[in-house]
Amino acid sequence: MMARIASIVIALALEATWTHAAPARPPQWTVVISEKTGGGDALSEYGTNSQYYLIPHVVEPLVRIELLPNERSWGIVPVLAEKWSFPDPRTFVVELRRGIKFQNGEELTAEHVKAAYDAFVFPEKPGRRGVVLKALGKAEIAGKHTIRWSLPKPDLSVLAAASHLLVPPMARHTMTREQFEARPIGTGPYRATAWPVDGTVQLEAWDGYRGGKPFPEKLTFRHVPEPSTRVFELIAGTAQVATAIPIESLAMVQANPKLEVVSLTGGSALSYVINLFKATPPFRDKRVRQAMNYAVDRAAIVKTILGGRGAAMSAPLWPGWLGASDEIRGYPYDPDKARALLKEAGHPNGFGFRWTVTQGVFVKDVEVAQAVSSQLTRVGIKATVQPAERARILAERNEGEYDVTELIWTMYWHPAILLHFTLNASFPDAKLTPKWGPLPPELARARRLMSDAAEATTVEAMQRAYAALNQLMHEEAFWLFVHTVDSLWGVQKDIAWRPYPAAFPASDDYWHRTGRKAPESPTVPSVPK
Amino acid sequence: MAAGLVARRLVQAAAALLVVLLVVFACLLATGDPVDLLAPPEASERDKALLRRAYGLDQPVVYQFAAFVWRAARGDFGRSLFSDRPALRLVSERLPASLELALASTLIAVVVGVPLGIVAAMRRATVVDQLVIAVALLGQSVASFWLALMLILLFAVSLHWLPVSGRDGWASLLLPALALSFWLLALLARLTRSEMLEVLDQDYIRTARAKGMGTAAVVVRHGLRNALIPLVTVTGVSLGWQLGGAVVIETVFAWPGLGTTLLEAVLRRDYPVVLAGVAVLSAVFVVINLLVDLLYVYIDPRIRVGAA
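Each protein sequence line maps, in turn, to chains L and Z. Convert by adding 199 to the 1-based position in the first sequence; the result is the number in this note's numbering. Convert by adding 114 to the 1-based position in the second sequence; the result is the number in this note's numbering.
Think of the hints as simulated: they come from the structure by calculation, not from any bench. Predicted model, so just to flag it, every value in this text is computed and none were measured. Please note: incorrect hints may appear among the correct ones.
Computed cross-link-like contacts, DSBU-like style, restricted to lysine-lysine with a CA-CA straight-line distance of at most 35 Å [claimed, not checked]:
id: 1; chain 1: Z; residue 1: Lys325; chain 2: L; residue 2: Lys282
id: 2; chain 1: L; residue 1: Lys352; chain 2: Z; residue 2: Lys162
id: 3; chain 1: L; residue 1: Lys477; chain 2: L; residue 2: Lys581
id: 4; chain 1: L; residue 1: Lys333; chain 2: Z; residue 2: Lys325
id: 5; chain 1: L; residue 1: Lys324; chain 2: L; residue 2: Lys630
id: 6; chain 1: L; residue 1: Lys313; chain 2: Z; residue 2: Lys162
id: 7; chain 1: L; residue 1: Lys477; chain 2: L; residue 2: Lys313
id: 8; chain 1: Z; residue 1: Lys162; chain 2: L; residue 2: Lys630
id: 9; chain 1: L; residue 1: Lys716; chain 2: L; residue 2: Lys300
id: 10; chain 1: L; residue 1: Lys634; chain 2: Z; residue 2: Lys162
id: 11; chain 1: L; residue 1: Lys502; chain 2: L; residue 2: Lys716
Selected chain Z positions facing chain L (in silico; Cβ < 10 Å) [claimed, not checked]:
id: 12; residue: Phe139
id: 13; residue: Ala153
id: 14; residue: Pro154
id: 15; residue: Ala168
id: 16; residue: Asp172
id: 17; residue: Trp184
id: 18; residue: Asp243
id: 19; residue: Ser255
id: 20; residue: Ile266
id: 21; residue: Leu267
id: 22; residue: Val271
id: 23; residue: Trp355
id: 24; residue: Val366
id: 25; residue: Ala368
id: 26; residue: Arg383
Note that the Cβ used here is the ideal one computed from N, Cα and C, for glycine as well.
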C-alpha cells in the first residue's frame, strides 16, 4: 500500500515538474494581420494579398512553393498532387494523391481539379490567379486521379503556376459565391467556422486532416491596419501573432519579456528600375548605371534605417530564388569609382533624373529613397524624389514614362513573373522605341535568356538560364539595387511559433505539420546555411 | 410648411448630388485607368482589355457616366472592381459601424463639451474657466492619432479595462468614440463658453434673474436656448463629417467604418464603391442638414420654416 502511495506521489511530482519545464502552448491563437481578410473563396477576387496565405489553411493547392525538406533550397512541394511529369515539352501531367477527403466528405478526383481550373481560367472577368494559371492551357481528365494539361508552349514555370490552383469541392460549383466564401470547404488542415468578407476569420483544426490534427486548435485572423495597434494587441495579450511589425516598434516588442520578434530573412526586397531606353538621362550607358550602384552605401542603409533587419543586394535574385548565386560580388560603396565612371561616360558634373517612390507602402520606402538620393548627390547625381500613389507609378511604368521607378517584390522562388514584369512590362518597346531608338542590346540579351529559361526542358536548365540572367542584370546594372528586408512578426513566446520559409508562410505550426522541429532561434533563414 | 421645406431641400439635394457625383467621377478618371491596379503584373494587354470590357471601362466616358447615373437612380451602383460585390452593399455594410461611432462620439462631445462651456462661462476668469480653456485648446490641437494610441495604452494595455481594437460590443466602442469626440468636445466647449458669455450679459437674463428664477433655470431656459443655434450647426456638420472622415480613428482602432473603405476605394480607383459611398454620404448630409434646419425652428420660433 505504502509503495503504491509513494508511486502516485512520485508520478504527480514528475508530472508537476514536467509541466513546469514545458508549459502547455495556448491552443487558441489570434493573429492580427495588416491586410483585409477578404472572402474565403479563391475563385472570387478581393485584391488582398491575405487571401494568398489565409485560404490555403482551408482550401489547398496542388503544390506549394517553399523550402524543400532537404532544407538546401526552395522548390515545389506536392500538396494535393502526388507527382507530376512532362511526357513531352507541351504536356503536363499531374497525379493526385489517393484517398484525400474534403471536409464535406467528397473524395478528391481529377474532376475537382479540372472544375477548379476552368473556373479560375475562364471566368467573365479574369482574376489574379486566373492570369497566372492560364499558362497551363487546356485541362483534360486523364483518369480518376490524373489530370493532363496541353500547354500552349513549352514552359516549366507552370509548376510554379500550379501553386495558385486551389481546389474546392464540387459543392462549390452548385453554391453561390456568397455561400461559399462565408464558409469555405476544402481539404486543408482547418475548417472555417466564420468567414465574413473582410471581417474576423475563425478557423478550427480539422480532425479529419490527412496529416493529423494541426496545432493550434483554433486560429482567428483579425485585420488591424495600424502597426502600433497590432503591437498593442500583443502587449495586451489579446493577440498571439502580429504580422508586419514596423522597425520602430521592434525595441518595444523585444523589451517585453513575454514577447519576441520572429523574422524570416529575405522576405522581400526594394530596388529601383532604371529606364535603360533613355539617353536623357543617360541611362543607356552601362557606366552611368554602374556608377549609380557604386554610389550607394547599402550597408549603412540596412543598419541605420532597417535596424539591421535586411541585407544589401546587387542582383535581382537572392538565396532561395531559382537562379540565385552566392558568387555574385556586390557593388561595394565606392563613391570615387562612381565619380570616375561618370567622368569616363562624359558626365563629370553628374546629371539629374526624376524618381517616383511610394510613401508608406513598403518598409521605410521614402526614408530609403531619401538616403539613396542623398548618397547619389555626393557623386553629382541629382535625383528628384517624387512620392506618388502606387497607381500612378504603375501607370507610368506601363507607358514607359519614368526615369527611375520603385520596385518591390517578395520571395517566390520562381522568377518568371518578376522578370517578365521588369524586363517586358516595364519597357513597352512600342512606346519607347519611337522616342529613344531601338531596344538596348543588353535588354535584348536579357529577354533571350528569359526565353531560354521559359523553354528549358529541365529545372536544372531553367536554373542555369535564370542564373545567367541574374548575372547579366547585375553586371549591366539594370536596376539600382538596394536591399532585402526580413519579414517580421511579433509573437507571444509561449506559442513558440516560427514561420516556415515559403512564398506565403502559414500561420499555424507548419513545422509540426511537416513532422520537423522548428528552429529555436527567432531569426529563421530563408535558406539555412 | 415643413413639408414644403423638406420637398425643396430634397430637390436641391438631388441637384447637388448629381454635381458631386460628376465631379468625383471626373476626378477619378483623371487619376488614370483602374485596370492598371486591378490586373496582376503578368497580365497581358488582352487580359486588361477583357477586364475593361467586363467592367464597361471601354465605353466612352460620357456613356459611362450616363449609364452610372441611370443605374444609380434605380439603386444599382454597379459592382466593386476589386471585390466584384455590389458597391452599394459594400458601403451599406460599413454604414452602421460609422453611424454608431459618429453618434457615440457626438453624444460624448455634446454631453461633456456643452456643460464644460456653460461652467466656464458662469465662472468667467476663474481657475475653472482657465482649465476649460486649456482642455479646449488641448482638444483642438492634439493629434487624434496620438490621442487614440495613448487611450489604448492606458485603458487597454495598462489597465485592461477595454479592448485594444475591433468592433465587438459597446466596450469596443468607448475608446474610438472618446478619441473621435475630443476635437468636437473642445470646439463645443469653446463655442458654448463664448455664446453663453454673450447671452448671459443680455437684458432678458437680468430680467429673468430679477424675477427670482433659479440659476439653473436662467442658464438652461433663457441662456442655453439662445446660444444653441451655432452649437446645433457645428454639431450637425461635425456629425456628417465623422461618418466618412474618421479615417484615422477607424484605422487605429481597426473600426470597420466607411472612411477607410472609401479611402481604400479612392486609392484603388474603385469607381463604383467611391461613387456609392459619396452618394450615401451626401444623402446622409442632406438628412442631417434638414434635421438641423428643423431644429432651428424648434429652438427659435422666430425663425419661420420658409426662411430656415
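Hints, verified against the model:
| no. | hint | in the structure |
| --- | --- | --- |
| 1 | Z:Lys325 to L:Lys282 | violated, 97 Å |
| 2 | L:Lys352 to Z:Lys162 | holds, 21 Å |
| 3 | L:Lys477 to L:Lys581 | holds, 16 Å |
| 4 | L:Lys333 to Z:Lys325 | violated, 88 Å |
| 5 | L:Lys324 to L:Lys630 | holds, 27 Å |
| 6 | L:Lys313 to Z:Lys162 | holds, 25 Å |
| 7 | L:Lys477 to L:Lys313 | violated, 46 Å |
| 8 | Z:Lys162 to L:Lys630 | holds, 17 Å |
| 9 | L:Lys716 to L:Lys300 | holds, 27 Å |
| 10 | L:Lys634 to Z:Lys162 | holds, 25 Å |
| 11 | L:Lys502 to L:Lys716 | holds, 31 Å |
| 12 | Phe139 | violated, 16 Å |
| 13 | Ala153 | holds, 7 Å |
| 14 | Pro154 | holds, 4 Å |
| 15 | Ala168 | holds, 4 Å |
| 16 | Asp172 | violated, 13 Å |
| 17 | Trp184 | violated, 22 Å |
| 18 | Asp243 | violated, 36 Å |
| 19 | Ser255 | violated, 21 Å |
| 20 | Ile266 | holds, 5 Å |
| 21 | Leu267 | holds, 7 Å |
| 22 | Val271 | holds, 5 Å |
| 23 | Trp355 | violated, 21 Å |
| 24 | Val366 | holds, 5 Å |
| 25 | Ala368 | holds, 4 Å |
| 26 | Arg383 | holds, 6 Å |
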